[in-house]
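Each chain is listed here by its residues.
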Amino acid sequence: MTSQDQALPDLLSGPKALIVRDALLALKRPGDVLNPLFFFAMVAALFPLAVGPSEEQLQLIGPGVLWVAALLAMLLSLNSLFLADYEDGSLEQMLVSPVPLPALALAKSAAHWLSSGLPLVLVTPVIAMTYQISLSVTGILMLTLLLGTISLSLLGSVGAALTVGLHRGTALLSLLILPLAMPVLIFGARTVSLVAAGDGVAGGLYFLGAYVFLMLSVAPFATATALRISNE
Amino acid sequence: MTAKLSGDHLTLFRGDRCLFKGLRFALNPGELLLLEGPNGSGKTSLLRAIAGLLELESGTVRWNDIPMHRDRLALQNAMVWMSHKVGLKGDLTLVENLRYEAALRPQAEVEFASVLKKLGLNRLTRLPVRSLSAGQQRRVALARLLLSSAMVWLMDEPTANLDSEGRKLVAAVVQGHLANGGMAIIAAHQDFEVDMPVQRISLQ
Numbered sequence: 062m063t064s065q066d067q068a069l070p071d072l073l074s075g076p077k078a079l080i081v082r083d084a085l086l087a088l089k090r091p092g093d094v095l096n097p098l099f100f101f102a103m104v105a106a107l108f109p110l111a112v113g114p115s116e117e118q119l120q121l122i123g124p125g126v127l128w129v130a131a132l133l134a135m136l137l138s139l140n141s142l143f144l145a146d147y148e149d150g151s152l153e154q155m156l157v158s159p160v161p162l163p164a165l166a167l168a169k170s171a172a173h174w175l176s177s178g179l180p181l182v183l184v185t186p187v188i189a190m191t192y193q194i195s196l197s198v199t200g201i202l203m204l205t206l207l208l209g210t211i212s213l214s215l216l217g218s219v220g221a222a223l224t225v226g227l228h229r230g231t232a233l234l235s236l237l238i239l240p241l242a243m244p245v246l247i248f249g250a251r252t253v254s255l256v257a258a259g260d261g262v263a264g265g266l267y268f269l270g271a272y273v274f275l276m277l278s279v280a281p282f283a284t285a286t287a288l289r290i291s292n293e
Numbered sequence: 027m028t029a030k031l032s033g034d035h036l037t038l039f040r041g042d043r044c045l046f047k048g049l050r051f052a053l054n055p056g057e058l059l060l061l062e063g064p065n066g067s068g069k070t071s072l073l074r075a076i077a078g079l080l081e082l083e084s085g086t087v088r089w090n091d092i093p094m095h096r097d098r099l100a101l102q103n104a105m106v107w108m109s110h111k112v113g114l115k116g117d118l119t120l121v122e123n124l125r126y127e128a129a130l131r132p133q134a135e136v137e138f139a140s141v142l143k144k145l146g147l148n149r150l151t152r153l154p155v156r157s158l159s160a161g162q163q164r165r166v167a168l169a170r171l172l173l174s175s176a177m178v179w180l181m182d183e184p185t186a187n188l189d190s191e192g193r194k195l196v197a198a199v200v201q202g203h204l205a206n207g208g209m210a211i212i213a214a215h216q217d218f219e220v221d222m223p224v225q226r227i228s229l230q
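As given, the protein sequences belong to chains V and F, one line each in that order. Numbering-wise (this note's numbering), the first sequence opens with residue 62 and increments by one. Numbering-wise (this note's numbering), the second sequence opens with residue 27 and increments by one.
Treat the hints with care, since some could be wrong.
To be verified - Beta-carbon label-pair distances, calculated as ranges: (1) Asn206(F) x Leu227(V): 39 to 45 Å; (2) Gly41(F) x Leu275(V): 35 to 41 Å; (3) Gly200(V) x Ala160(F): 51 to 57 Å; (4) Arg125(F) x Gly200(V): 35 to 41 Å; (5) Asp91(F) x Arg229(V): 41 to 47 Å; (6) Leu275(V) x Asn54(F): 45 to 51 Å.
Said to hold, decoys possible - Calculated cross-link-like contacts (lysine-lysine; reagent style DSS-like; alpha-carbon spacing at most 30 Å): (7) Lys143(F) x Lys89(V); (8) Lys77(V) x Lys143(F); (9) Lys111(F) x Lys77(V); (10) Lys194(F) x Lys144(F); (11) Lys89(V) x Lys111(F).
Keep in mind that the hints were calculated from the coordinates and are not lab data. Being a predicted model, the structure only gives us computed values, none of them experimental. For each residue, glycine too, the CB sits at the ideal point set by N, CA and C.
Make the full structure from the sequences, and use the hints.
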């Protein structure tokens, strides 16, 4: 057997085990998953109450409000991405393991998205109803949120890795992440608004898709480097 | 080729303070290196530097005469790190914890159940790690070492939180590892008793 044959299962089994572990943890502590979700639902549900029941107005602000609420909910959950692992020492065990760190960082992002981004996308249709957004537009909204939250999980892992060693790094994390998250927010919300106004959807989705791939190729490596620095 | 872990001219500063300077060591299979010194003397920092968690000011750690910055993976494949943080998830059972860890590093061909029995953990497999005592959690961390095929054990205060029986157990486990041709570097502020010749580095 060549050394490469031996390396391959390691490359896949380590990250897979990490995703399974984090999923198991999320199941044992459902509060960590539900908190950001409640936050999202609450912010989004409060707007119609404050703005008033005018159908036209709600449909106009709906996509923007839902996107901002989603972005904030993702930020809320990002803070704890590496914190628990840092405090109990399992992050150190990842750093010294022979499994490539970027692969583990990617697995952390994937686990984070599964427990925060995906549930958020899934509850969107319910929230969208309070804004009287039509079914077809809701579909587009979910699609943009699906792509956008993947980008945010990846991008956020870099910020979370940089701030994990700091106490109260939440504000700093937001400052680091938000500028880079702006394009996602702008294109996500605008695409939905444009579709609602009868325009095409392709341009916005292409951009969001491209951003996902940019983040997929850059973020795991940046996260790995940031984790090494934070752990010195 | 026999394995060898060595370091020379190791120098590390923390802020303005020099923790150690020009330090050297060489470790062959079956040998134990004890790092001694009071709290804050840099024992843990030295261990972390050897583990690759901390950048040294100068000097090189070599595994089989290859500098670590050239091939970090070779040492990481052959090393397991026992920190003062146990690195276990409190919400998961010890079996779930160790099963996850098994995917992180090469595993030895030993029977899972026999390792747990040896460490006196076989009755605790269904409890979440959170509900184990600090000493029992250290034993789970020991299981991590016994299950891995790593040749080099880096241990930071392995006897902390352990009763006298536990300390004997650690000593026996380390001795068994050395007898099998392994190596260990142990940081201990209290005396670590094993019946075999050891190298010592005293840090001030």
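We went through each hint and held it up to the structure:
no.	hint	in the structure
1	Asn206(F) x Leu227(V): 39 to 45 Å	42 Å, holds
2	Gly41(F) x Leu275(V): 35 to 41 Å	38 Å, holds
3	Gly200(V) x Ala160(F): 51 to 57 Å	53 Å, holds
4	Arg125(F) x Gly200(V): 35 to 41 Å	40 Å, holds
5	Asp91(F) x Arg229(V): 41 to 47 Å	45 Å, holds
6	Leu275(V) x Asn54(F): 45 to 51 Å	49 Å, holds
7	Lys143(F) x Lys89(V)	27 Å, holds
8	Lys77(V) x Lys143(F)	28 Å, holds
9	Lys111(F) x Lys77(V)	24 Å, holds
10	Lys194(F) x Lys144(F)	12 Å, holds
11	Lys89(V) x Lys111(F)	22 Å, holds
This entry satisfies every hint, going by the numbered hints stated previously.
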